[in-house]
Amino acid sequence: MATVGDEHDPTTGGSDVSAPTVPEKSVSSRADQWSLIQPPPEGCTADDLDRRPDLPPHTELIDGSLVLVSPQKLFPMLVLKLLERELDRQVPEHLLVAREFSVKLAKRQRPEPDLLLVRTDALDEFDQTWVLPSAVQLAVEVVSPESEIRDRERKPELYARAGIPHFWRVEQDGDEAVAYVHGLDPASGRYGRPSIHRGVLKTTVPVDTEIDLAGLRGR
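Here the sequence shown stands for residues 1 to 219, numbered as in the numbering used here.
Bear in mind the hints are in silico, worked out from the structure with no lab data behind them.
Bear in mind that the values here come from a model prediction, so they are computed numbers and not experimental data.
Check before you lean on any hint, since a few could be wrong.
[As the list claims (entries may be wrong)] In the BS3-like style, the derived pairs of lysine-lysine whose C-alpha atoms are separated by at most 30 Å in a straight line are:
1) K104 to K81
2) K73 to K104
3) K73 to K202
Start from the sequences and build out the full structure, keeping to the hints where you can.
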């Protein structure tokens, strides 16, 4: 056993003092595991997200590449809480508000929108982990700095191509939440120019909705 001190050292009283045991750093910590995640050379598929227990929660698949989610900040957390609460209260019974539930758009496309408005008849199994875009009436993304390009550009493109009829993007502007409300143009297969909502988000599609965006800290 390793010791410190010396039997002739008066500060030790002539007795051995065992060195404290320092636990070895685990190389299998969660952070280390995530840093070692390697997709196959040909890229991942949508089904791989259900087969890879090493993936962190809420991993998305965009263009065959894994996208890991950063820790959530206060603004998106409050916005999502508000939208989920108000949509739950206002949408008809045949629709369900799903938070952080993935959509299988294609073989190599499985994003996880922040919120979805989904037909209830498409959710029939408790162990279900995704829905098809045909069941989705609305996809919502709340923009954060690390997701800005995906939420403004790539994800709307994918949602529109898959035929999701409505898309909301919510961004922070100082202390305000600003909602950009898009509808799908069937002729072009793209989302049209958005209507912009400050203070109150009021729309009739996909359902009649009125949400006080200023009430972020309300219960």
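Hint check:
1. K104 to K81: holds, 24 Å
2. K73 to K104: holds, 26 Å
3. K73 to K202: Given pair K73, K202 holds - Cα atoms ~25 Å apart, limit 30 Å.
Of the hints listed earlier, there is not a single one the structure fails to meet.
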